[in-house]
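There are 2 protein chains.
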Amino acid sequence: MNGSPTIGFIGLGIMGKPMARNLLRAGYPLVVLNRSRGPVDELAAEGARAAATPREVAAASDIVITMLPDSPDVEAVVLGADGVAAGIRSGALYIDMSTIAPATARAVGAALRERGVDVLDAPVSGGEKGATDATLSIMIGGTDAAFARAEPILRLLGKNIVHVGPDGAGQVTKACNQIVVGVTIEAVAEALALAAASGVDQVAVRAALLGGFAQSKVLEVHGQRMIDRAFTPGFKSKLHRKDMNIAVNAGQEAGLQLAAAALVRERFDELLARGEGELDHSALRTLYDTPVKSASS
Amino acid sequence: MNGSPTIGFIGLGIMGKPMARNLLRAGYPLVVLNRSRGPVDELAAEGARAAATPREVAAASDIVITMLPDSPDVEAVVLGADGVAAGIRSGALYIDMSTIAPATARAVGAALRERGVDVLDAPVSGGEKGATDATLSIMIGGTDAAFARAEPILRLLGKNIVHVGPDGAGQVTKACNQIVVGVTIEAVAEALALAAASGVDQVAVRAALLGGFAQSKVLEVHGQRMIDRAFTPGFKSKLHRKDMNIAVNAGQEAGLQLAAAALVRERFDELLARGEGELDHSALRTLYDTPVKSASS
Numbered sequence: 001m002n003g004s005p006t007i008g009f010i011g012l013g014i015m016g017k018p019m020a021r022n023l024l025r026a027g028y029p030l031v032v033l034n035r036s037r038g039p040v041d042e043l044a045a046e047g048a049r050a051a052a053t054p055r056e057v058a059a060a061s062d063i064v065i066t067m068l069p070d071s072p073d074v075e076a077v078v079l080g081a082d083g084v085a086a087g088i089r090s091g092a093l094y095i096d097m098s099t100i101a102p103a104t105a106r107a108v109g110a111a112l113r114e115r116g117v118d119v120l121d122a123p124v125s126g127g128e129k130g131a132t133d134a135t136l137s138i139m140i141g142g143t144d145a146a147f148a149r150a151e152p153i154l155r156l157l158g159k160n161i162v163h164v165g166p167d168g169a170g171q172v173t174k175a176c177n178q179i180v181v182g183v184t185i186e187a188v189a190e191a192l193a194l195a196a197a198s199g200v201d202q203v204a205v206r207a208a209l210l211g212g213f214a215q216s217k218v219l220e221v222h223g224q225r226m227i228d229r230a231f232t233p234g235f236k237s238k239l240h241r242k243d244m245n246i247a248v249n250a251g252q253e254a255g256l257q258l259a260a261a262a263l264v265r266e267r268f269d270e271l272l273a274r275g276e277g278e279l280d281h282s283a284l285r286t287l288y289d290t291p292v293k294s295a296s297s
Numbered sequence: 001m002n003g004s005p006t007i008g009f010i011g012l013g014i015m016g017k018p019m020a021r022n023l024l025r026a027g028y029p030l031v032v033l034n035r036s037r038g039p040v041d042e043l044a045a046e047g048a049r050a051a052a053t054p055r056e057v058a059a060a061s062d063i064v065i066t067m068l069p070d071s072p073d074v075e076a077v078v079l080g081a082d083g084v085a086a087g088i089r090s091g092a093l094y095i096d097m098s099t100i101a102p103a104t105a106r107a108v109g110a111a112l113r114e115r116g117v118d119v120l121d122a123p124v125s126g127g128e129k130g131a132t133d134a135t136l137s138i139m140i141g142g143t144d145a146a147f148a149r150a151e152p153i154l155r156l157l158g159k160n161i162v163h164v165g166p167d168g169a170g171q172v173t174k175a176c177n178q179i180v181v182g183v184t185i186e187a188v189a190e191a192l193a194l195a196a197a198s199g200v201d202q203v204a205v206r207a208a209l210l211g212g213f214a215q216s217k218v219l220e221v222h223g224q225r226m227i228d229r230a231f232t233p234g235f236k237s238k239l240h241r242k243d244m245n246i247a248v249n250a251g252q253e254a255g256l257q258l259a260a261a262a263l264v265r266e267r268f269d270e271l272l273a274r275g276e277g278e279l280d281h282s283a284l285r286t287l288y289d290t291p292v293k294s295a296s297s
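For the protein sequence lines, the chains are A and B, in the order given. Here the first sequence stands for residues 1 to 297, numbered as in my numbering. Here the second sequence stands for residues 1 to 297, numbered as in my numbering.
Treat the hints with care, since some could be wrong.
Stated by the list, open to error - Derived SDA-like pairs: lysine to any residue, alpha-carbon spacing no greater than 25 Å straight-line:
#1 B/LYS242 - A/VAL221
#2 B/LYS159 - A/LYS159
#3 B/LYS242 - A/LEU210
#4 A/LYS242 - B/LYS242
#5 A/LYS217 - B/ILE161
#6 B/LYS242 - A/LYS159
#7 B/LYS217 - A/ASP82
#8 A/LYS159 - B/ILE161
#9 B/LYS159 - A/LYS242
Note that these hints are calculated values from the structure, not bench results. Since we're looking at a predicted model, the values are computed, not measured.
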């Protein structure tokens with residue numbers, strides 16, 4: 001093939017649109033598809049070509065990337081009628097950058113490999129800002145050969161790019177990441193709530209804890225958000241709820257009852273039940289705003 | 001008074017002995033007391049004077065420091081028969097560096113203040129190594145005047161010395177610290193267990209997570225311990241269990257049901273029930289060694 005390979009990009013949401021734009025700006029011919037029309041028109045105005053179905057995207061592309069909300073979306077877009085699998089060429093490369101269940105990633109990957117396609121699961125973290133600035137962390141599962149093919153493209157999207165292991169390893173790593181981030185947010189929320197309810201300055205507590213083993217990026221960033229009551233996302237609680245569910249289920253499939261992950265999934269359920277799923281995940285702190293009884297000390 | 005003030009030091013355990021030694025080496029006249037005789041003899045050989053009761057220690061000292069295992073110990077040593085309160089001079093300074101319940105710290109402090117004594121609660125973190133190397137983190141509650149008096153001495157014991165707030169604020173901050181450390185250890189244990197049970201390399205997962213929002217000192221240090229199965233303390237599980245209990249109870253007194261803190265207290269109970277309370281707190285990881293059922297993926 002001459003020149004840059006054509007990239008098909010499906011899913012132009014908050015994350016997908018700036019990622020696709022970064023590929024376009026780097027000079028890759030781009031074919032795009034999205035459920036709503038707005039972002040397609042935007043990227044078309046910048047030089048991308050619009051397609052009508054995932055099948056059409058795949059048929060026109062050497063590399064297909066998906067960035068979709070959840071496991072059923074990826075299943076439908078790849079394996080459904082007029083899906084990616086129906087159009088993709090043998091020898092093509094498929095990269096799913098959505099955050100989905102490891103089991104779904106493995107099933108979708110297996111179906112495409114049967115068609116002679118190289119497959120990677122490559123979920124990201126770093127949010128809209130990371131997507132825009134091309135500073136995402138990318139956690140990758142798949143063969144060395146597939147990773148070598150994808151690496152130059154992934155380097156246009158992120159900074160911390162780690163090939164963790166085989167098929168599904170990217171999604172497992174992302175699930176691990178979301179467990180640690182979610183549970184640590186709950187930990188910091190409980191600590192700062194205890195300080196506040198005990199009449200101790202949260203700013204001083206955060207500063208003291210940052211100097212020792214309690215130090216974390218979450219204490220630094222989300223702890224500050226909690227103190228400032230600045231719950232504009234960032235990363236929405238409803239999305240982290242989805243990810244905690246993936247993590248807890250992945251644990252169950254692997255024979256593990258992940259206790260704190262399950263607890264934090266419940267905390268997010270409670271926050272969503274209050275209608276606050278659009279708030280940043282650090283809003284877990286607000287669940288400790290109402291004392292259960294008057295203080296005895 | 002001429003020369004250095006005399007310091008009374010009660011509680012020469014794993015932490016207390018090296019702390020007392022650092023004060024002795026800095027040239028302070030030292031009067032010591034400990035339940036067992038060994039450490040007293042050791043420090044006496046280096047120039048300290050042994051006393052027979054807390055009352056006697058207090059009567060001979062300008063500054064009294066306690067470093068004891070738990071709340072009842074501090075209550076007994078200060079307020080019991082032949083306790084510190086019975087011997088301490090008006091105008092003396094009392095510093096409790098034990099980790100105890102904030103409510104106990106406030107009660108003991110109030111009793112001594114009635115006798116004209118300056119009081120600080122000043123629990124530490126950093127373990128035996130921090131105590132020996134004088135690099136402890138010290139979290140302090142009390143008046144500005146009491147803190148100003150204590151500061152030169154505290155600087156001989158630690159590096160990260162934070163005056164957080166009034167009476168009890170040091171113990172509240174320590175409880176916050178232990179919540180964050182304990183719950184983060186559980187988070188990292190669950191993540192690494194999920195990786196291992198899913199057949200994904202834990203070393204690669206830890207490295208990938210350290211690059212993003214999942215970063216923490218616990219992931220760095222205790223995550224490595226979990227991977228190496230290196231559970232020699234460090235900080236013993238049975239002590240962290242005690243601290244989680246203090247934290248959960250302090251929450252209840254402040255009107256809060258701290259969900260993850262309570263869960264991690266239960267996890268430590270389970271570890272202790274297995275007879276593994278002497279292991280490092282990162283041994284929470286071992287509770288995920290036994291899958292609950294065979295893997296389905």
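Status of each hint after checking the structure:
no.	hint	result
1	B/LYS242 - A/VAL221	violated (29 Å)
2	B/LYS159 - A/LYS159	violated (35 Å)
3	B/LYS242 - A/LEU210	holds (22 Å)
4	A/LYS242 - B/LYS242	violated (34 Å)
5	A/LYS217 - B/ILE161	holds (21 Å)
6	B/LYS242 - A/LYS159	violated (42 Å)
7	B/LYS217 - A/ASP82	violated (48 Å)
8	A/LYS159 - B/ILE161	violated (36 Å)
9	B/LYS159 - A/LYS242	violated (42 Å)
When the structure is compared with the earlier hints, violations turn up for hints 1, 2, 4, 6, 7, 8 and 9 and for no others.
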